[in-house]
Amino acid sequence: MSTADGGRTKIRLDKLTKQFPGQAEPAVDALSMEIPEGEIVIFVGPSGCGKTTTMKLINRIIEPSSGRIFLDDEDVTTTDPDQLRRRIGYVIQQIGLFPHMTIGENIATVPKLLKWDKDRIARRVDELIETVGMDPEAYRNRYPKQLSGGQRQRIGVARAMSADPDVMLMDEPFGAIDPITRDRLQNEFLRLQAEIKKTIVFVTHDIDEAIKMGDRIAILREHSHIAQFDTPERILVNPADEFVADFIGRGASLKRLSLSRVRDIELRDWPTVSDGTDPAEARRILQASDRGSLLVLDDRRRPRSWVNADHLQRTETRPFSEIGLPLATVEPRATLSDTLNEMLTARYSTAVVVDGSGAYAGVVDIDTINEAIRGMRTAERTRLRKELDDELDDEAGGAAEVTSTP
Amino acid sequence: MNFFTYLSNRWDNILELGLEHAAITAVSVLIATVVGVGIGMATYNRQRSGQLAIAVTSVFLTIPSLALFGLFINVLGLGATPVVVALVMYSLLPIVANTIVGLREVDPAIVESAQGMGMSRGQRLLRIELPLAWPVILTGMRVSTLIALGIAAIGAYINGPGLGNDIFDGLSRINSPNALNLVLGGTLGVIVLAILFDVLYVLINRLTTSQGVR
Numbered sequence: 001m002s003t004a005d006g007g008r009t010k011i012r013l014d015k016l017t018k019q020f021p022g023q024a025e026p027a028v029d030a031l032s033m034e035i036p037e038g039e040i041v042i043f044v045g046p047s048g049c050g051k052t053t054t055m056k057l058i059n060r061i062i063e064p065s066s067g068r069i070f071l072d073d074e075d076v077t078t079t080d081p082d083q084l085r086r087r088i089g090y091v092i093q094q095i096g097l098f099p100h101m102t103i104g105e106n107i108a109t110v111p112k113l114l115k116w117d118k119d120r121i122a123r124r125v126d127e128l129i130e131t132v133g134m135d136p137e138a139y140r141n142r143y144p145k146q147l148s149g150g151q152r153q154r155i156g157v158a159r160a161m162s163a164d165p166d167v168m169l170m171d172e173p174f175g176a177i178d179p180i181t182r183d184r185l186q187n188e189f190l191r192l193q194a195e196i197k198k199t200i201v202f203v204t205h206d207i208d209e210a211i212k213m214g215d216r217i218a219i220l221r222e223h224s225h226i227a228q229f230d231t232p233e234r235i236l237v238n239p240a241d242e243f244v245a246d247f248i249g250r251g252a253s254l255k256r257l258s259l260s261r262v263r264d265i266e267l268r269d270w271p272t273v274s275d276g277t278d279p280a281e282a283r284r285i286l287q288a289s290d291r292g293s294l295l296v297l298d299d300r301r302r303p304r305s306w307v308n309a310d311h312l313q314r315t316e317t318r319p320f321s322e323i324g325l326p327l328a329t330v331e332p333r334a335t336l337s338d339t340l341n342e343m344l345t346a347r348y349s350t351a352v353v354v355d356g357s358g359a360y361a362g363v364v365d366i367d368t369i370n371e372a373i374r375g376m377r378t379a380e381r382t383r384l385r386k387e388l389d390d391e392l393d394d395e396a397g398g399a400a401e402v403t404s405t406p
Numbered sequence: 001m002n003f004f005t006y007l008s009n010r011w012d013n014i015l016e017l018g019l020e021h022a023a024i025t026a027v028s029v030l031i032a033t034v035v036g037v038g039i040g041m042a043t044y045n046r047q048r049s050g051q052l053a054i055a056v057t058s059v060f061l062t063i064p065s066l067a068l069f070g071l072f073i074n075v076l077g078l079g080a081t082p083v084v085v086a087l088v089m090y091s092l093l094p095i096v097a098n099t100i101v102g103l104r105e106v107d108p109a110i111v112e113s114a115q116g117m118g119m120s121r122g123q124r125l126l127r128i129e130l131p132l133a134w135p136v137i138l139t140g141m142r143v144s145t146l147i148a149l150g151i152a153a154i155g156a157y158i159n160g161p162g163l164g165n166d167i168f169d170g171l172s173r174i175n176s177p178n179a180l181n182l183v184l185g186g187t188l189g190v191i192v193l194a195i196l197f198d199v200l201y202v203l204i205n206r207l208t209t210s211q212g213v214r
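Note that the protein sequences, when read in sequence, are chains L and V. Take the first sequence: its position 171, counted from the start at 1, is 171 in the numbering used here, and no numbers get skipped. Take the second sequence: its position 38, counted from the start at 1, is 38 in the numbering used here, and no numbers get skipped.
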């Protein structure tokens, strides 16, 4: 079984229906869809559209009224639900850590159910606490109430990954966290996913989160009817109908900035000086460049500050890093949207890009972003034209193919 | 003979009755805990059956103890057995009610995440729900112990063990010189036992409740 674009199908839902007793209409009505292996698929839609119910049908926290669920081509609609759930990681908005157990015991829950031996469990617990960016020594024996909201969220994700499931279900996992922490956790999670490549079903009501996190987005309307199931790019460029266009809302091109990352665009160079450079030498470099300031790097090439001609006049013996203006840095995996945001608040409308070790890699300015947007538009237009041509060809050949949009 | 001379003469007798009194209370509350937590676990997740369990055990608690002991004479005879049965009945309500409340108050999100991780119904109940409800259940046991300590004294009426024997002794010869001392000694003994049990419950709570929920 493979999807339209060649990837393996991990989860297949076939006419899945949930009719709650005492309700006139089904909460989920004959939903069929294929979820490709190793991708993040987002269920997004207005509240009450059945997206959470749909997700809970997959691990049968809610039992379907009719229809089938396939995991790896195996029909799991009627197998033992507890065995099924041990193969699927599960994270909910309230996280639901067990308050009477330590962080280590929380993470060890599923491995214990699977009867792993003690050493293996202990190694796995430490490995996972480290994976989510915390210190096993310090946190293994703490209780959930001793953690901040963001830390609890990380442990929730670690616990869901404990037995290394191929599939994870996440119901608004970053919903109850302040915006700054949420942004950081989203980025961390994307970085993690790039390594672990799980198949993830992710429920949210926030279209911006969907665009940022999703490889594919299923926009759902009432009764979990699929309005559009496609990549974020194509949904933004080519919404299937009024409902989808409304749901995306205004500013689709601004949202598109969330789709490209700093590493995808060409960085510019900026004149730099190291922290200990003689002021006279620095003034000479500044004059030779066409910029109004220099970027100060420390001995490990980490950017420290901006210095301009004024600073260079005034400095005598103090290092540049203490006299210059503060700067904004972004990492290669930051989205252009985040980068633009940094730039608008920073000096010289310029964001400094640093690599993984914090060393200077280049800068992004408004022009760079402008070019990126223009490039994206051209690419999309070309692709759409090509698809249209292909479809016309197919129809001409009498074999209209059904794409992944039902 | 003043009360203090009485105490120094008779302390070994009072101690012995006190130990009997503590033992019969502890046994009754333990049985009531096993039965009561069982009833609570069986009924907490259905509104109707939970209400029924609380209603029935409330009726037990309203039966006047002297009447119940009297009724038991024909069925169970005299001695410790009918007293234990009666004390179990009186101890049930706080334990059943607190078990039901404690289990119902466990955050549904916690139970759902346990379910999502593949814990069976029984595993969820034993490893997640009961430990989280435990402090509430323990409070119920504490109230039951106080009720049982008081009512156990009446048990002497049907030849049950404990400090009630001194109290009834004193009351039956109220005009003799030692009568008041007997009643006072028995009553104070029950109060001292109540305080000791309370201390015990604080210790049990410390030892059996996870640091994470304290």
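No lab work stands behind these hints, which were simulated from the structure alone. None of the values given here were measured: they were computed from a predicted structure. No residue lacks a Cβ here, since even glycine has one placed at the ideal position from N, Cα and C. One thing to keep in mind: the hints can contain errors.
Unchecked claim - Here are some chain V residues pointing at chain L (derived, C-beta under 10 Å):
1. Thr62
2. Pro64
3. Leu126
Stated by the list, open to error - Label-pair ranges, simulated between beta-carbon atoms:
4. V:Ala55 to L:Ala176: 35 to 41 Å
5. L:Lys145 to V:Ala26: 29 to 35 Å
6. L:Ala24 to V:Gln51: 51 to 57 Å
7. V:Val27 to L:Asp80: 21 to 27 Å
8. L:Ile180 to V:Leu203: 28 to 34 Å
9. V:Leu203 to L:Glu74: 36 to 42 Å
> Does the Cβ distance between alanine 24 of chain L and glutamine 51 of chain V fall inside 51 to 57 Å?
Replying inline: violated (30 Å)
> CB of valine 27 of chain V to CB of aspartate 80 of chain L, is that within 21 to 27 Å?
Replying inline: violated (42 Å)
> Does the CB of threonine 62 of chain V sit less than 10 Å away from some CB of chain L?
Replying inline: violated (36 Å)
> Measuring from the C-beta of leucine 126 of chain V to each C-beta in chain L, is the shortest one below 10 Å?
Replying inline: Check failed: Cβ of leucine 126 of chain V comes no nearer than 12 Å to chain L, outside 10 Å.
> Per the CB criterion, is proline 64 of chain V less than 10 Å away from chain L?
Replying inline: With Cβ-Cβ at 41 Å, over 10 Å, it is violated.
>> Range first: 35 to 41 Å. Now tell me if the beta carbons of alanine 55 of chain V and alanine 176 of chain L are that far apart.
In response: holds (39 Å)
> leucine 203 of chain V and glutamate 74 of chain L, beta-carbon distance inside 36 to 42 Å?
Replying inline: violated (52 Å)
> Within 28 to 34 Å or not, the Cβ separation of isoleucine 180 of chain L and leucine 203 of chain V?
Replying inline: violated (45 Å)
>> If I claimed the Cβ atoms of lysine 145 of chain L and alanine 26 of chain V lie 29 to 35 Å apart, would that claim hold in this structure?
In response: 33 Å Cβ-Cβ, so the 29 to 35 Å window holds.
Violated hints for the displayed structure, listed by number in ascending order: 1, 2, 3, 6, 7, 8 and 9.
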